[in-house]
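Colleague: Sequence:
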Amino acid sequence: MSSIKQKINKVLADYASIYAELLREIVKSTKSLSDIGSGSQLEILDLQINTQKNTVSSLVAVMIEKDKELHLLLKELVVHQEFQSKIRSVRRLVEEKNSQLSNLSTTLEHIHSDLLTSLHDTSQTTKAMNTRKEVDLTDVTSYAHRISGTTSAPSMDQAALKSPPYPPPHVWSASLLYPKNRKAYEEKMKQSLTEEKKEPEPPSPAKFVASTATIPQVAYHAAPQRQAQQIAAPIELFGLNDASSDSESDSDSDSESD
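Each residue of the sequence shown is one higher than the one before, starting from 1 at the first, in the UniProt record's numbering.
What the hints contain is simulated information worked out from the structure, not anything from laboratory work.
Among the hints, erroneous ones may be present.
In the BS3-like style, the derived pairs of lysine-lysine whose C-alpha atoms are separated by at most 25 Å in a straight line are [as the list claims (entries may be wrong)]: (1) K7 / K86; (2) K197 / K183; (3) K5 / K66; (4) K66 / K10.
Based on the sequences and whatever the hints tell you, model everything.
Modeller: See below:
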């Protein structure tokens, strides 16, 4: 199937050849008119003129057909050029989309590489977490108890008083984690706060004399009570409320005073 360009070139070539032949016939006709004579020559010339006239008419008819064909081809060429313009625009759009797809492909490759790296690191971390040694609580407590004699911090600013870094099992039942003990501790703290807020009453003369009279006795009992408080201090650090220890310390102080 020939293209539109080839068809137009063929029509133009035919048109040029017909036009040249038409010009030759017109020239012959003009030369024949200049050679007009008398008698038999007129009849021969008249016959030649009629023949040339028919030839010129047929050539003009052929040129008219070629001209119509050329006009149709030119209209077809305009439509073809419009289609070519649309094709070029579609090609540019396809090239842009291909460029975007190439960029997306490159981005996806980078993301895939990052995901593989993250997956590898996560798998290594998960593997390390799954394969790590499980530590038993008894091992921790036994180790803490073993080093408590040399590494425990002084309790209540008393360097001579050492205690383990965790409450011993026999005082766990007195922990503030139990609701009953925590409630009693809160009530005790509220009571102490309310007592601190109360203003002290001015001492009466009789009370002042009684207090001055008992000063040596208070000084005599102060040392055992301070010692009992120092012994109970580690328990209070862990939020414990051991009533038995308080009663024992009171009984010891009474016995020492006797």
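Colleague: Would you mind marking each hint as holding or not holding in the structure?
Modeller: Each hint tested on the structure:
Distance check on the hinted pair: K7 and K86 sit about 23 Å apart at the alpha-carbon level, within 25 Å; holds. About 21 Å separates the Cα atoms of K197 and K183, which keeps this hinted pair within 25 Å; it holds. A hinted pair counts as satisfied when its Cα atoms are at most 25 Å apart, and K5 with K66 qualifies at roughly 15 Å. A threshold of 25 Å between alpha carbons decides the hint, and for K66 with K10 the separation of about 10 Å falls inside it, so the pair holds.
When each numbered hint is compared with the structure, no violation occurs for any of them.
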